[in-house]
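Participant: Given next are the chains, with one letter for each unit.
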Amino acid sequence: MAQAAIELIGINKSFGAVRANRDINLEVARGTIHGIVGENGAGKSTLMSILYGFYQADSGEIHVGGKPVSINTSNDAIALGIGMVHQHFMLVDNFTVLENVILGAENDALLKSSIAKARSELERLEREYGLEVDPDAIIEELPVGLQQRVEILKALYRGAEILILDEPTGVLTPAEADHLFRILKQLKEQGKTVVLITHKLREIMAITDTVSVMRQGTMVATRATKETTVGELAELMVGRRVLLRVEKGQSEAGAIKLSVKNLTVKDSRGVTMVDDVSFDVRGGEIVGIAGVAGNGQSELLEAISGIRHAVSGEVMLEGRPVDLTGKADPGELRDRGLAHVPEDRHHVGLVLAFEENENSILGYHDDERYLKGPFLNVDAIMADAKDKIEKYDIRPGNPRLRTANFSGGNQQKIVLAREMEQDPGVLIVGQPTRGVDVGAIEFIHKRLIAMRDQGKAVLVVSVELDEIRSLSDRILVMFAGRIVGEHGPEATEGELGLLMAGVEHQEAAE
Amino acid sequence: MDSFVAIVQVLDSTIRLSVPLLLACLAGLYSERAGIFDIGLEGKMLVGAFAGAAAASVFHSAFIGLGMAILISVAFAMVHGFASITHRGNQIVSGVAINFVAAGSTIILGQAWFQQGGRTPALQPGERFEAIVWPGADAVRGVPILGPIYSELISGHSILVYFAFAMVPFTWWVLFRTRFGLRMRAVGENPAAVDTAGISVAWLRYRALICTGVLTGVAGAYLSMVQNGGFVKDMTAGKGYIALAALIFAKWKPVNAMFACLLFGFLDALSIRLQGTPLPIVGKVPVQFMQALPYVLTVILLAGFIGKAIPPRAGGVPYVKER
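Chains P and X, in that order, give the protein sequences.
In the working numbering, each number is its position in the first sequence, counted from 1, plus 14.
In the working numbering, each number is its position in the second sequence, counted from 1, plus 907.
Bound-form chain X, shown alone (with noise of 0.2 Å):
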């Protein structure tokens, strides 16, 4: 029994994990299935959690919060747009720019309005987003099995978690079922093909980007407002970037993101699990070789285990009317 309750231990942590990284890679998706690539994912989650706990804190709403993060995001997304869809600039240095703007900015600010060596002050019940508990799962707790999977699992999380999961359906049906999805999906694959059947490629391509903001906006409202009480500097800690290689490992499929941040935060979930604990046959294995084996594990995955990853055929040309 200890074991089974250790193993949905480390399950409700991999959920807790792997919603940023689901947030982001949906994010990702919506942009680079319009031909974008993003490599910005990273800054505008780190803007959105420092725009969000910011405001959080001084407005004392969860809420104000999560919209200005994810007001934040957008706008760090539009400044991606402006560079790389109407001035045609290089994507990939456009959202190494934004990385850096968002690392240096966020720790500027925070010190100049909080003097807290940049960070937010610790947020107060109120202002952060609360687990929600289900009907009934203290009294269910007790039920061998099931009881601990619907009290820990199911219920107990923060909205904005059952929200990154709903994002996966959703995605999946926009893309495959809307109009705008048809449009994004071909924009990404062959933008002369949109052109010339009278849509605006920009104007696309903006729209993309926006669900790209608003989403990096909710992951990072997500680490500053739920997995911590306040804004830390650097606290993505590469997330976006893992984020990007789950995107290619799900061959840019919003069902395959899902499980692919699953795998990426339950490998996180694990290696926190196992710090000082002895290993069967090894024994004991310093911290830091834990710390390291899903970043290890993600090599090796993308390196042999994806198969042949496509993506989106004109991801990273910017679009140029031809003669």
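In isolation and in its complexed conformation, chain P is listed as follows (with noise of 0.2 Å):
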């Protein structure tokens, strides 16, 4: 085995009584991807945080290069050759590239000789490993892709030998994940070791060559990849079997609840992002909708709520349409049975900054069951929220805490539980699982298929293939605003994928 890149020995952190790291040995190899996977508060940012030098371990050993060491700050971390790719990137968005790369490695007060270094530098790091970006663009007027790239270069400027990625791929489309994923390999063959922190176990089992999992603050496991199973390293994460697979019954398909005819609709710059799209959802099923990010699902969605204003078409809601201007009342559509579990939960679904409570009646606050004459009815509030966190084992169990301080996976528990509890007819719903950990996709696949099983009509968008496969009876897959498939849920990953990069599409139109 090659010499370890990075070694540590029993490292121990807590943040007030929360233990993030227990007693935590890791080694990484020279010249490797090593991969370290766990729920989120597993502790794997924190572990990477203390080898950055963001914060100190408590105890513990680090060992770069076979030296022990001590990391107090990013700069000793940064002068060990240590980088890191955040997962909110660390960039100044009106700064250019250039700028961005020698913010903080600058030669001298001047700017102008560190300037005309790292641009030199940036073509041949672009030559080596395929890094290409224009050192002149401002950051903000990048795609996250190159923005992220632009991380990485830092890291490389810094003369990095070891980069940690955090979460890298969050943020990308599949395109963007698979160009990342040559690079990181690209990086791995000039003899950089790269750790990988992720809880997408496809990526690892993908790229990695070695993986960690993590549980609780303790590291529960390192696995030779070749030697694993994305089955088994659920189940370490997670701590008990995993179905990666919802198994559920036969739909039992009832009559049309909502109905979508030749909808069209525009963004704000005037491009038709949906093009005449016609489909029905009928009670007892769960429709999804496959697509890469970007192809018109999201302002298919926005105007199926009434939110977003439509150009033509018409959508019908249990038989009467719905008011497709844009100014739609959303209480009078989820009097009339739609619920909405909108994609983007921060910016939509929740207040971050209101109560646990507050946000699990957010929107249904005029129902009669949370009024006291002009009151809201406090009582009923919490004993209704304490009823959906148990219902939904949203944790911590607390209606009183801040939504901001819950994890994704349980903020969604929370927009899902709203929503879901209303009993609606009809139950849209946008990437249910973005950022979820594994044990609470299951949850909420199984609840969503529960949803059906009650003669609802679900639909579901999601840019998780397996997800789509998972749950859907009917998938429909979306490119450049069009419906261009229909599949059952037997649809293989090869037939889905080349409806969603628009292969079949192009060949019919020519």
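Because the hints were derived from the structure by calculation, they are not lab data.
Everything numeric in this text was worked out from a predicted model, so none of it was measured.
Each hint should be verified, as a subset may be incorrect.
Claimed, not checked - For lysine-lysine, the following BS3-like pairs were computed, each having C-alpha atoms within a straight-line distance of at most 27 Å:
id, chain 1, residue 1, chain 2, residue 2
1, P, LYS405, P, LYS386
2, P, LYS202, P, LYS131
3, P, LYS214, P, LYS262
4, X, LYS1160, P, LYS126
5, P, LYS275, P, LYS341
6, X, LYS1158, P, LYS126
Using the hints, put the two chains back together into the complex; each one sits in its own frame.
Facilitator: Following this line, the structure appears as structure tokens:
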């Protein structure tokens, strides 16, 4: 085995009463891609922050390149050749690529020589690793994939030999993620060591050499990737067996509950995002819409839920039309039995600064159950919130806690609990499990299928193909604003992938 | 020719009146670019004015006065930094507190030390900054057009005026051509990026506040030792706030800041000039109207004519390391 690039021995770290890392041992071999998986809050990011000098361990030793070191600041880590690509990019949005690259690594008090050096250095890195990016572009004008590339360049510019990536694909489209993996493989070939933190098991299987699993602050296992399976890793992460594919019976489709006819939607720039889309959703079935992000799914959801103006077409909810001018009253649609779990829970689904119980009735606060005369009936709301917490296993189970303090998966459960418990006839869900842990995914999928079995019409939009295939009774594929194909749940990944890439669509057009 | 002379005179007083605004505006630019809102420019100018005039009159030296003005003003800036950087307090509250402390303490100390109703003694020649007459200024005075421009507009100002205008290109150079400037702009936009790059956010912000303190100190010294022959209570009269308005107007850019301050200075100069003069069509207007004019125009300009002013994104938010 190659010499260890990093060795962590007995690392402990507590935040107040929370023990984020307990007696962690980890060895990362030089020139490999080492994955670290674990659910949100398992302590992966804390561990890497200790390695990058953002926090100091309470106890334990760090060895880099075989020698014991103390890393007290990010500067120490950088000097040891450790670079980090953060989940939320550490870039100055209105600076150029060059300015971001040299920030903190300037030659001297004047910028001129640093900029010249960075420019030639970037050219070299571009040649060696295929990391092309315009050095004079402004960060905020670049797509996220390129912004991430700038983060990688920043680390390489500082001479990083060990690169830590924290949830790098969370913000990327599948194509961008593939490109990132190619870059990482190239880095590995050049002898760099890569540590990849993620909770997406597919990525681990696809790219890593070795994988370590964390659970609740401890390191539970390290495996050679070749010798393990997704099932085993999921089980190690959650601590029990996880159903990656939820079992479900045959659907018994009933009457049409939601009907979309010739719907066309344009975005604010006037670009057609949804192009003449028609489909029906019946009671007792789950219809899944697959597609690469940005092919009109978001706009479709928004138009159906009455938030976005549609240029033409009609949407019938239980036989009555929905106002498509974009001025529909969401409250009225809710009364008519439409529940909507939005794609972006932070901006649309929740008020993060509110307490959990407030979010658990948000939008339904005019309901008589929650009112006492003109005032909110706090007792009823709290009882209702506690009930939902129990039913949906929302953790921590404190309805008074600020919503921002819940993990992503639990925030999603808060939204789902709120919408599902209203007993809607039609449920529209955008990205049901974005940023959600494996254990919670299983739970959410089970609830959605339970809704279906109660005879509700469920429309699911997701960029996760596995999810669509596991949940849907019928799969519609969207590409460039159009529905380009329909398949049953038995469709293979390959078939759907071709449709999602627009291959058949283009051939048909020719 | 008379009207030409009048114009030159108005422009001349425009320069004199813009200088304290410009210095305060650039002072604010340093702190706000580093992500610290500074509503306490007014207070820092005021203590600078008082310290400058008091020290100059006690030690009989304009330069000791200037030094004292800068020292005290920087000290106040550090108090603001201690509250809002080290202790992550609310920057607006801290700034307002500084303004109140400045307004009260200058009057009390002035009365205690000099017993002249809160004023400092009138400064004697040598205790003030005198106008610098450029070579040949008197000789060319008679030359049409260029003469008055050279002798009135360019020559005949105190050293602090030249300093203020020299600070404009200097500040631009610091911001966009030096390491300190790059880091300072970065810390005002995304302090986490600076922190992960291994640079101290707090020390960087403190240094920006030192720059702010130096410039407000000079601005204060200009008020009490150049424009006026001593300190008078509340002599800043809202200039710190107008400077903040000019900073927004200038979109936090140094050269724009100069033009914004010259515009506000011009409006001020015009209002003084036009007092009691009947205007065409409307006739004679009350003095108060003319005095209010710069402020009215400020509101109109700020409301409608500058487009979108995007402040530094981390402005006003104390930096806390995230988990």
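Participant: State for each hint whether it applies.
Facilitator: Comparing the hints with the structure gives:
1. P:LYS405 to P:LYS386: holds (25 Å)
2. P:LYS202 to P:LYS131: holds (25 Å)
3. P:LYS214 to P:LYS262: holds (23 Å)
4. X:LYS1160 to P:LYS126: holds (20 Å)
5. P:LYS275 to P:LYS341: Cα-Cα ~19 Å, so holds.
6. X:LYS1158 to P:LYS126: holds (25 Å)
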